[in-house]
Amino acid sequence: MGNFFHLWPVLLFLAFMLGVSFWVQRASRGDRQQNFAKDYFIGGRSLGGFVLAMTTVATYSSVSTFVGGPGMAWAIGYGWLYMAIVQVVVIFLVLGIFGKKIAMVSRKIDAVTVVDVIRSRYQSDLLANISALVIVAFFCATMVAQFVGAAKLFEAVTGFSYVTGLTLFGLIVVFYTTVGGFKGVAITDAICAVAMIIGLFILFFSMLETGGGYEKIMTHIQTNHPDMLEPLSRGKMPISLYISQWLLVGVCTLALPQSVVRGISYKNTKALHNAMIIGTVVIGAMTLIATWIGVLSKGVLTDTLQAYGGSVDNITPLTIIGTMDPFWAGITIIGPIAATISTVSSLLLASSSAIIKDVYMHECSKRHKTVSNNTIRLFSMGATVILGLGVYFIAIAPPSVIWKINMFAFGGLETAFFWVLIFGLFWKKANRTGAVFAMAGGVLAYCTTMALQIKFFDLHQIVIGIGASLIFFLIGNALGKEHDEHILRIFFPEKYSD
Amino acid sequence: MNRKEKFKQANREANATWLALLIVIFFWCVAGFGLADVKVEFFQTPLWVWAGCIGTWLFAIVVSVVLANCIFKDMDLDDKEDEING
Chain C
3 MGNFFHLWPV LLFLAFMLGV SFWVQRASRG DRQQNFAKDY FIGGRSLGGF VLAMTTVATY
63 SSVSTFVGGP GMAWAIGYGW LYMAIVQVVV IFLVLGIFGK KIAMVSRKID AVTVVDVIRS
123 RYQSDLLANI SALVIVAFFC ATMVAQFVGA AKLFEAVTGF SYVTGLTLFG LIVVFYTTVG
183 GFKGVAITDA ICAVAMIIGL FILFFSMLET GGGYEKIMTH IQTNHPDMLE PLSRGKMPIS
243 LYISQWLLVG VCTLALPQSV VRGISYKNTK ALHNAMIIGT VVIGAMTLIA TWIGVLSKGV
303 LTDTLQAYGG SVDNITPLTI IGTMDPFWAG ITIIGPIAAT ISTVSSLLLA SSSAIIKDVY
363 MHECSKRHKT VSNNTIRLFS MGATVILGLG VYFIAIAPPS VIWKINMFAF GGLETAFFWV
423 LIFGLFWKKA NRTGAVFAMA GGVLAYCTTM ALQIKFFDLH QIVIGIGASL IFFLIGNALG
483 KEHDEHILRI FFPEKYSD
Chain W
2 MNRKEKFKQA NREANATWLA LLIVIFFWCV AGFGLADVKV EFFQTPLWVW AGCIGTWLFA
62 IVVSVVLANC IFKDMDLDDK EDEING
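Those protein sequence lines, which keep their order, are chains C and W. Going by this note's numbering, the letters in the first sequence line up with residues 3 to 500, in that order. Going by this note's numbering, the letters in the second sequence line up with residues 2 to 87, in that order.
Hints are all accurate, no fakes.
No more than 27 Å apart at the CA atoms, straight line, and that leaves these computed lysine-lysine pairs for DSSO-like:
(1) W:K74 with C:K269
(2) C:K497 with W:K9
(3) C:K110 with W:K81
(4) W:K5 with C:K272
Here chain C is said to cover these stretches of chain W; the calculated rule only asks that three of the stretch's residues, wherever they fall, bring their Cβ under 8 Å from a Cβ of chain C:
(5) 2-8
(6) 11-18
(7) 21-35
(8) 43-56
(9) 60-68
Distance windows between CB atoms, simulated:
(10) C:I241 with W:D75: 39 to 45 Å
(11) W:D79 with C:L391: 35 to 41 Å
(12) W:I24 with C:V196: 28 to 34 Å
(13) C:K371 with W:W19: 39 to 45 Å
(14) C:S367 with W:K5: 28 to 34 Å
(15) W:D79 with C:K406: 42 to 48 Å
(16) W:E6 with C:L234: 45 to 51 Å
(17) C:K238 with W:K9: 44 to 50 Å
(18) W:Q45 with C:L307: 22 to 28 Å
(19) C:G324 with W:Q45: 21 to 27 Å
(20) W:K9 with C:Q125: 21 to 27 Å
(21) C:K430 with W:W19: 14 to 20 Å
Hints listed in this document are in silico derivations from the structure and should not be mistaken for laboratory results. Everything numeric in this text was worked out from a predicted model, so none of it was measured. Built from N, CA and C at the ideal position, the CB exists for glycine as well.
For reference, chain W alone in the conformation it holds in the complex (with noise of 0.2 Å):
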């Protein structure tokens, strides 16, 4: 990769952070809030606490690692290549 390819590649990246952040935020909402009617417990805690507190811990994880692994791409942070080029 060139600095230009670099550049572009981190801004790809940093939009698909953004809406990594936007499908957490909607997880947490319909696991939590979207499940608080739900009468099913488990240990005597109610299904959204697992599924809102938890669950969003877990898919957050899920997330970071679709990102960390799929999106984002090793690059050299360095410049190298323009120095040579001048």
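Bound conformation, chain C alone (with noise of 0.2 Å):
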């Protein structure tokens, strides 16, 4: 059992952000009064250059900054911090290819979700049904692994339980999304990008402290661990593996949803080119400062990896323990947790946003029944408390299958997405035909592979998805026929003369 003193940081960093998401719930209260979805869902499109990029950078960045990353930098070396550093393209990527088409036709036929925009580019509710699907499936599983490794995380640090862990920010995290819906979520997760690179800052100094300064740290590794030195480790990260990161963590992540439905989401042109320079800063330094803990670590925890219970993942909760008193360790715990909770926030919202704006209102619109603006309140509420709710219950004991659905989610996602989105906003002669193909047998594509463990040139499955996934398209493309003029002339304006 912990020390209850050592939990107060995060007690109040917690409440802040209730704090936060109530006054984001009072101050839009005239806008909500007006168009619930639009407010709750996408923010009224309001969200500056400096809130943009961080919500971006702190719904892509998660629990596994912390843990599963400089776990690997501790076995591996330089080499994995190498690797991790091609993240630094993402937030340029997803904002510079889809960022201003994206919020030109979505202001055009008033979207709110991603979906809303494949729905009216390919006219079909069917793929419009299998991306809310998709959505809701991969997000639910990528929340509880959020949970369940925070939670761990937050064990090991604290020595307060598990289910204590879970139960204090996964509740939080749960309410405050559900009250604050967008703009709360996108604000809190501003704060929690800066409470992560706190967190990662003080990570960093304790532990060179501890490890006698970097040269020291670094003279130790020359001398038991050369290879940790070497971009390739001798044979530990092969080239494969660095193509498979350039796709898997790199290019694919551009086609996100969870990333591309914040490109609806902003004001204006000068805070989608502020978004793109900051939240390359901070992506790069929040990449390269936890990651360069894990190498680091090798100086402070010198041991075999069976010392240290087996797993890579012990490797950060051991390096907080080990460097810094309970006080501090304390603190620096809000760093995770915030990482945890700005990513479950983002993907909590944008699956009842799946539910009830892609799915339940869509229907009553196709059946020409009116929904009140306080019905829609209420069922957006209820079915994000509702999501999350279950999503915590899951965590508190999940089953094996969670684990399979999490590994296929990131690429998964954006198998589903990539050739979507791409040639429905770029390509005029994409049709409905190839999108659902694209979709359909993509996933299907990646997911097989990723279960019988088939790889292409030892390849990850992700470029057996990608590429399954754009030869489904062409090919459904080729039977399918264009969609009608007045769709198109939305989406490419600049293709007609008059």
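Can you join these two chains into the complex? Each is in its own frame, and there are hints to help.
Put into structure tokens, the structure is as follows:
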């Protein structure tokens, strides 16, 4: 059992998040009375550059930025840092490629979600419903995994039980997401990003101090682990892994719906331009410091992996406990908790928007049934809180199938949306049949090869997923026919001369 | 800018972003793998680590600044003009 005194920093931080969300709710009362869904799910398109950058980074950086990544860096060395740094491109990619076009299109068609845009472009309820299903299934599994990772870390660092930690930040994040909506999520994300950076700095310097300074740690690594100073790490980091990671955590992340939706949410182009720069600075700094901590912890945790419980996930908690007193550990733990809740809040809201906005509200409008603003409010908040609590309860004792879905989630989402979004926004001839084939066939190919461990030239299955999805798209596209001009004019006005 | 010009500009920006990605990948390859065998060290750390990791980060910042300030243009995201003209 841990000392309650050391929990105060975390409690204060979480209380602050709650306070911010209630403040956002108060401040957007007027907007929500006018059009609840628009304010709740996209924040009324009002984000400025700093918040846009920080929420995109915070959603992307998760508990594995703090746990899995540094743990692997401890085992592999600088090669892992060199591989992790490919993530510097993800922010300017998603904002630069999709940001403007999706902002203009969504304003024109009054879209609130990525699925709205997909439905309108391909004129397909089937595709929209598959998209919503893919989003909800993969997001929920990811949320459970995030909760589990953070609760384990919490237990190891503070001494309080797994369920205590999970209940503490799990219930609070569900609650503040429900209250604050998209704007609340964005602002709390920005605060979380700052908390992550502070946590990383504390950990970085306390670790250097314990290890006797940077050069002493490096001398230890040079003498005992020279392989950690080579990019290929004597075979532990094959070229195929670098190529795989460029695709999986670099290029293909541009289609993750939780990132793309941020392109609908910002205020003006100035915000977008600033966010590209700020986001690149911040995501690079975070990745660098977090992974570097992992490499350098080799000079502090000098034993073999077996001595540390046989899992690299134990490296970060052991580094925290081993290099600082409980008071500072209590402050540092805010970093990974912030990383977790900022990811969960965005995924939770995107999931409930998929259910309420993309499926329920669309079904109602199709049947010419008017739904009052109050009903939408009730259902939206209800869906958010029920989904959130569901994820919380599953995370208490997650069944093994959750781990399988989670393993498929990241690449599965990329495979599902990569070509559908790129072709949808940039290729006039792309049609419904192609998109349905690409999404269904790609995800199926990806999940099957993942499950059976089938690889292509030793590359990660994302290569098969993206490749298969492209082929399916082209085949389907040849079978289908081009969409009506009045739709295409919204997405491609530049292709028409009058 | 009218709506057509805005979309043309958005296409140009997207293409420039793809190009920027290729340039960063190229820099990353040269600065990391390219310098992997150079026996120069700063603070007991090989040159390729500084260039390939910190260097790639700084280079990506420069690239995003160039994109945002030189290639990307400010525009009104709403479609007011068309509404007026019908």
